[in-house]
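Q: Sequence:
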Amino acid sequence: MSTSKSASAFPSNDSHSQFSNGVALLLHTWTALKLAVEGQWGGVDSEEKRAWLAGVVVEQFEQNGKKTYADDLESILVQVMSDEFNTLLEDDSAYQLSQDLAKLYNECIQNNYATVDALQEKFMQQKNSTRKAQTDEIDKGVEPSTQTTSKSQLPIIDDDGFQLVTKRWK
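Residue 170, in the UniProt record's numbering, is where the sequence shown stops; the numbers in between run on with no holes.
Quick caveat, the hints were computed from the structure, so don't treat them as lab data.
It should be emphasised that the depicted structure is a prediction, and the values quoted were computed from it without experimental measurement.
Incorrect hints may appear among the rest.
Said to hold, decoys possible - Quick list of in silico lysine-lysine cross-link-like pairs, DSS-like style, CA-CA up to 27 Å: (1) K127 with K103; (2) K67 with K103; (3) K66 with K103.
To be verified - Quick list of the computed label-pair ranges, beta carbon to beta carbon: (4) Q79 with N111: 28 to 36 Å; (5) F162 with M124: 19 to 27 Å; (6) Q125 with S75: 30 to 38 Å; (7) K127 with Q63: 26 to 34 Å; (8) D159 with K66: 20 to 28 Å; (9) Q126 with Q63: 28 to 36 Å; (10) N111 with D71: 21 to 29 Å; (11) L89 with D45: 31 to 39 Å; (12) N128 with S75: 30 to 38 Å; (13) D117 with P11: 17 to 25 Å; (14) L35 with M124: 18 to 26 Å; (15) G65 with D117: 16 to 24 Å.
Heads up, the beta-carbon is just placed ideally off N, CA and C, and yes, glycines get one too.
Using the sequences plus the hints, can you model the full thing?
A: Take a look at the structure:
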């Protein structure tokens, strides 16, 4: 059903996959959502909610293509943060993120993946710095802090551009 709209919104499966990955990476680096997930403000399934939000954003672009407006995306982001994470945003970070998402879409449909690559690099640097901080704490005989031990993995995107949601077992 959405395949025909997806085909017109994305010129190739690669652009769709890259965009989906970029959306997930942008959401992982959005401070408001990052804090909400780390603090489990949305409950124990906060990570799954973040993945679901990424799917909602991608779906907006699949359905509307270039007619997806930053104001509409901002409304979605603010609503999800309020409803799912009990978080009232008092800054313009949702609007800034929505502009970044629109820019990312425009780049990806032109097969320009420089921003996705930069986001990937930034994500890996953050992941490595977290890992280094944990190692430093262990070397000093200090228990690693609970915030730095949270499992942050790169989102897994399949060939169809969908993000795989994995369940954490405790």
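Q: Determine for every hint whether it applies to the structure shown.
A: Right, here's what the structure says about each hint:
{"no.": "1", "hint": "K127 with K103", "in the structure": "25 Å, holds"}
{"no.": "2", "hint": "K67 with K103", "in the structure": "13 Å, holds"}
{"no.": "3", "hint": "K66 with K103", "in the structure": "10 Å, holds"}
{"no.": "4", "hint": "Q79 with N111: 28 to 36 Å", "in the structure": "32 Å, holds"}
{"no.": "5", "hint": "F162 with M124: 19 to 27 Å", "in the structure": "22 Å, holds"}
{"no.": "6", "hint": "Q125 with S75: 30 to 38 Å", "in the structure": "32 Å, holds"}
{"no.": "7", "hint": "K127 with Q63: 26 to 34 Å", "in the structure": "32 Å, holds"}
{"no.": "8", "hint": "D159 with K66: 20 to 28 Å", "in the structure": "25 Å, holds"}
{"no.": "9", "hint": "Q126 with Q63: 28 to 36 Å", "in the structure": "31 Å, holds"}
{"no.": "10", "hint": "N111 with D71: 21 to 29 Å", "in the structure": "27 Å, holds"}
{"no.": "11", "hint": "L89 with D45: 31 to 39 Å", "in the structure": "21 Å, violated"}
{"no.": "12", "hint": "N128 with S75: 30 to 38 Å", "in the structure": "35 Å, holds"}
{"no.": "13", "hint": "D117 with P11: 17 to 25 Å", "in the structure": "19 Å, holds"}
{"no.": "14", "hint": "L35 with M124: 18 to 26 Å", "in the structure": "21 Å, holds"}
{"no.": "15", "hint": "G65 with D117: 16 to 24 Å", "in the structure": "23 Å, holds"}
In this structure, only the earlier hint numbered 11 is contradicted, and the remaining ones agree with it.
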